[in-house]
Amino acid sequence: MGKTLFHKVWEDHAVRKLPNGQTQLFIGTHLIHEVTSPQAFGMLRDLGLTVKYPSRTFATVDHIVPTNELVEPYSDPLAQAMIEALRKNTKEFGITFFDTNTGKQGVVHIVGPEQGITQPGTTIACGDSHTATHGAFGAIAFGIGTSQVRDVLATQTMALSPLKVRRINVDGKLAPGVYAKDVILHIIRLLGVNGGIGFAYEYGGEVFDNFSMEERMTVCNMSIEGGARCGYVNPDEKTFEYLKGRPYTPNGAKWEDAVKKWKSYASDKDAEYDDVVNIKAEDIKPTVTWGINPGQAVFIDENLPLLDELDGTDRANAAEAFEHMSLTPGAPIRGTKIDVAFIGSCTNGRLSDLEEAAKYIKGKHVAPGVTAICVPGSQVVAKIAEEKGLDEVFREAGFEWRGAGCSMCLAMNPDKLKGNQLSASSSNRNFKGRQGSPTGRTILMSPVMVAAAAVTGEVCDAREVFGFAETVSA
Amino acid sequence: MAALEKITKVTGRAVPVPGDDVDTDRIIPARFMKCVTFDGLGEFAFYDVRYDGEGNKKQHPLNEKRFEGATIMLVGSNFGCGSSREHAPQSLHKFGVRAIIGLSYAEIFFGNSTTLGMPCVSVDKNTLHTLTQFVEAHPEKALTIDLEKMTVTAGENSYPITLAESAHDGLLAGEWDPLALLLNKPEDIEAVADRLHYV
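Chains as they are written, first to last, in this note's numbering: chain E, 1 to 474; chain C, 1001 to 1199.
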């Protein structure tokens, strides 16, 4: 019986079995940022330890960077202290740091792939749950806590229990206006926010074969929202094409060797899975959340659930969600007024996201009373977008064009919702308080759907607003 | 490294924290993560659940006098989902929590908690209901989680608990923080690094 990519990578990186039954797993690539690393470096110093493989650790700063205040010192002294701590730690331990003056800074999960650091058949860890993103390249990538950041710094390994593998096939063709974000929101809605506990998700099928690397990243990114520890797509020609010529990718004679090795990690045709889920692409429509976790989602043309339709636990959660969101059970989600539109984050702050939204927003204008911000995921994304004139398209449409960072996804910088503002957001979490205000409200959707909401001032069907409704079956 | 304490039992009064899918943003809102140490995080545990916008206490079990000083939390399913922030279990630990009894946990939260020596044990729905009723009726009485017998005792009655074997073994052996184990065979780590194509 064949093996999955997960099992092949796991076996190649296993150091030994620990007495408690866990595996000591070698972490080939460690990505760090300013929020979850300072305490880890503090623990290293307290224990008199050093960084074992500094050349395999890469740092950038993303969560706390103000996106509209590019000169230091930042007005928030706590943010300034955090960026300085990372500078000190990376310098002292000899770690590569993509600082704000390098032109390479950005959200860690966007920087890794675009620098070619993220590669197939590797293990990756980072103190951020969206590390799952890197699985788009056929890497096994884990979000970890700070004590594990310490473990990886000190030993380049961590203790892990093995996972089961669930293959999720999405076959067929997505209708126009249906994006990678809709695919993952649909998967989470279907399998539940805790459905992935104990699993790695392997995504495949025609839809994933046809997806760009950026689209694969969007889906893998939100694996954690479905409870899975990691998610991945088997590497293919598209993966290799994306990586070729990037700063940290093997080149020259080493390139062919690397590709050969990378190919060998893909799951075998007869690989055995612990679970298989089949989804038809034609069944997926533009999807938006209505509640306080990413599984509380509906198609844009659906009505919100009625409490009576739900069983005990789901009903209690839904009641809490309706109260927080000020939404009515059974009502349509369409027409819900928004205050803020946010395009950005590690889920949807890549070049293709900005290009796709710009394509439709061009010549249109943000509705009165709506604050709209577009935040490129990295300085590289910002630069290319600006060369293509996307910044002008967004500005002319009434969006603010910002510097690179996590921004209003989790609002550790000044980009925050105020009071009970409602945000149409391309990010990954609609948790209470997530966007910076305890009473703020978040509706997750694709960047094009955010653009449509920005233009109309309400949650709406982008396919109608932007005139491709005629291509959509009734 | 100094040897760790073996964790075989946790005894303490308990407080119910209702709800499923309680995410780590709720346990510690992101704005309190602007820090370079974990010190002082205890006061921000469940901040937006416990306080309103003006800093006034809201109605919540964690604010009730009768549950003050409780060291065990009773929670629902998928507790600690969302962000991997270790600030979440750190803030609970510094708030005084020493163990959690619930239906299920998100994996990163579970691992982070174990590394702090704070067991997250699971019970079935009926047991959770029974324990919650017991604690509501007798907030002054302690529960005992016994990791050797794998039971939780409330008053005269004991109920079975479950805990992932790796966490269970680590806590009982005083090896719940794996760093010492990870450090003790560097030659094995180097052997893997040498055979990997990219290191």
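Mixed in with the good hints there might be a few duds.
Computed, partial: chain E to chain C, Cβ under 8 Å [to be verified]: (1) D12; (2) F26; (3) N210; (4) S212; (5) G252.
Pairs of lysine-lysine residues, derived as DSS-like cross-links and limited to a Cα-Cα distance of at most 27 Å, are as follows [unchecked claim]: (6) K238(E) to K285(E); (7) K52(E) to K261(E); (8) K416(E) to K1034(C); (9) K418(E) to K1058(C); (10) K3(E) to K280(E); (11) K1057(C) to K416(E); (12) K418(E) to K1057(C); (13) K88(E) to K1034(C); (14) K1058(C) to K17(E).
Here's a subset of chain E near chain C, in silico, CB distances under 10 Å, partners left out [claimed, not checked]: (15) R56; (16) N293; (17) N317; (18) H365; (19) L410.
What the hints contain is simulated information worked out from the structure, not anything from laboratory work. In this text, a Cβ means the ideal position worked out from N, Cα and C, and glycines have one as well.
Structure-based check of all given hints:
1. The restraint placing D12(E) at the interface with chain C holds, with a minimum CB-CB distance near 7 Å, inside the 8 Å limit.
2. For the restraint placing F26(E) at the interface with chain C, the shortest Cβ-Cβ distance is roughly 4 Å, inside the 8 Å limit, so the hint holds.
3. Because the beta carbon of N210(E) sits about 28 Å from the nearest beta carbon in chain C, more than 8 Å, this interface hint is broken.
4. The beta carbon of S212(E) comes no nearer than 24 Å to any beta carbon in chain C, farther than 8 Å, and the hint placing it at the interface is violated.
5. Interface restraint check: G252(E) against chain C, minimum CB-CB distance 15 Å, threshold 8 Å, status violated.
6. Between K238(E) and K285(E) the alpha-carbon distance is near 26 Å, which keeps this suggested pair within the 27 Å criterion.
7. Of the supplied pair hints, the one linking K52(E) and K261(E) holds, its CA atoms being roughly 25 Å apart against a limit of 27 Å.
8. Taken as a hint, the K416(E) and K1034(C) pair is honoured in the structure, with Cα atoms around 15 Å apart against an allowance of 27 Å.
9. The suggested pairing of K418(E) with K1058(C) holds, with an alpha-carbon distance near 20 Å, which does not exceed 27 Å.
10. Of the supplied pair hints, the one linking K3(E) and K280(E) holds, its CA atoms being roughly 25 Å apart against a limit of 27 Å.
11. Between the alpha carbons of K1057(C) and K416(E) the distance comes to roughly 23 Å, so the proposed pair stays at or under 27 Å and holds.
12. The hinted pair formed by K418(E) and K1057(C) meets the criterion: a straight-line CA distance of about 21 Å does not exceed 27 Å.
13. Among the hinted pairs, K88(E) with K1034(C) is consistent with the structure: their alpha-carbon atoms are about 17 Å apart, no more than 27 Å.
14. Between K1058(C) and K17(E), the direct Cα distance comes to roughly 48 Å. Violation of the 27 Å bound is thereby established for this hinted pair.
15. Interface hint status for R56(E): upheld, as the beta-carbon distance to the closest one in chain C is roughly 6 Å, under 10 Å.
16. Annotation: interface hint on N293(E) holds; nearest CB of chain C at approximately 5 Å, less than 10 Å.
17. For N317(E), the shortest C-beta to C-beta distance to chain C is roughly 6 Å, which falls under 10 Å, so the interface hint holds.
18. Taking 10 Å as the C-beta contact cut-off toward chain C, the hint placing H365(E) at the interface is violated, the least distance being around 32 Å.
19. Hint status for L410(E) relative to chain C: holds, with the closest Cβ pair at about 5 Å, below 10 Å.
Going through the hint list in order, the structure does not satisfy hints 3, 4, 5, 14 and 18.
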